[in-house]
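Novice: Here the sequence shown stands for residues -24 to -1, 1 to 369, numbered as in mature numbering (1 follows the signal peptide of the UniProt record, and there is no 0).
These are calculated hints, taken from the structure and not from any lab test.
Zero decoy hints are in this set.
List time: in silico DSBU-like cross-link candidates among lysine-lysine, alpha-carbon distance up to 35 Å: (1) K364 / K293; (2) K76 / K103; (3) K25 / K103; (4) K233 / K103; (5) K103 / K77; (6) K198 / K110; (7) K233 / K254; (8) K191 / K254; (9) K2 / K106; (10) K77 / K233; (11) K254 / K299; (12) K103 / K162; (13) K233 / K106; (14) K233 / K110; (15) K2 / K32; (16) K106 / K32; (17) K2 / K110; (18) K110 / K162; (19) K293 / K254; (20) K32 / K76.
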Amino acid sequence: MCRPAVLFLTVVAVVIVVASVVGAVKPVVIPPTRNATTEAALIIVPAGKISGLAYKPLATTIQHVSSAKLWIVLLTDWLAGFPNPAELPIGVSDATSALKKQGMLSDNVFLAGHSLGGENVAPYGTKHGKKRLKGVLLYGAYMTRLDVPLTDYPVPVMHLSGDLDGRVRITRIADTFQELQQSVSKNQSAMYRTPVVIMRGVNHAQFASGPVPAKMTFYDLKAEVSSATAYQLIANQTAAFITTSLAVPGEDLTNAKNILNSSYSETNAIFEPLLRLKAFDVNTHNSDVWGVSAQVQMSRLSNYSIRVTNQILTSEKDFVTSKPSIDTTSPGTPLVRTLSHVRYVPNPGDLPTFTHSPMYVAVKMKSFAAIHNATHLQPGISTNITCKDINEV
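Start from the sequences and build out the full structure, keeping to the hints where you can.
Specialist: Put into structure tokens, the structure is as follows:
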């Protein structure tokens, strides 16, 4: 049983050694198209099996809308076509050296990654961002739960994706946006330092140009905007983020903040119905709204006749051994305490294509007979209500 594991580790070691020695990644520098007081560079890491050169249309659009003297480096020729943590530091270092050789004077370097590229860029920024980067951009990617919380990321970081992204779905990005909401409630500047932006009509593939891998098209949804429009939307957000991160005073900074302000409001409007529904099962009160509603229906009494609370138990074992209760000793209406267990598809790696809605919600309630015997309240509804009835509602 040990041999396959040893073989796997050997293969991984060989890949890392090959990547370190050969340094297959090639930086392709696109010089600035304008002069400006502020100079910066954006290094773009591609998705798996997509050439770095496929991002040139996006790169030139970003340069066109940016107020900075912006260099862009496309990293291409990854080992087997997949961005990886072994080659990424080499690629960033080579890109930085290439920029210096071609005349870049500042150290304002930003690192963006699309899809798999973003999956590698996020932890790279956690480890090296403070010393090497001014900011990180995750295109159709996200910081996983294995990474640090959004507020603890060492440099400014932007999450940017489309509402029609079929791979990195908005149901997952909603979790990151909730983190941002909590930060903004304490400090408004969080919407500039860690923005989470959803663009309408854009899918997962539209950050790149040309053909995309079959696996990406299998999951992706059909875009509702043209590639040119998508590049413009992505470029506007990217340029605004770079400007606010560098915080150069002036009209450009004001305009950039206005863009991110509007994007926050627009993204909030997109997520609001989803987050409202999600709060039925996951909220700061650790209470399941479905459980409360089901108990009121089961009691055949209105919520004015009884009070109902609910506690979500994370442990299935605790839920199995728990019991709901009725409290008639406290003043006022009787209190019925219910319990819930919300079960999700196991996803320890925080992978993007897993469903984010519960597999099921189990609720422990008191029966009508138990409530009637304890409270002697008369039901407002004569028809008996079963668990099956509630599930079918």
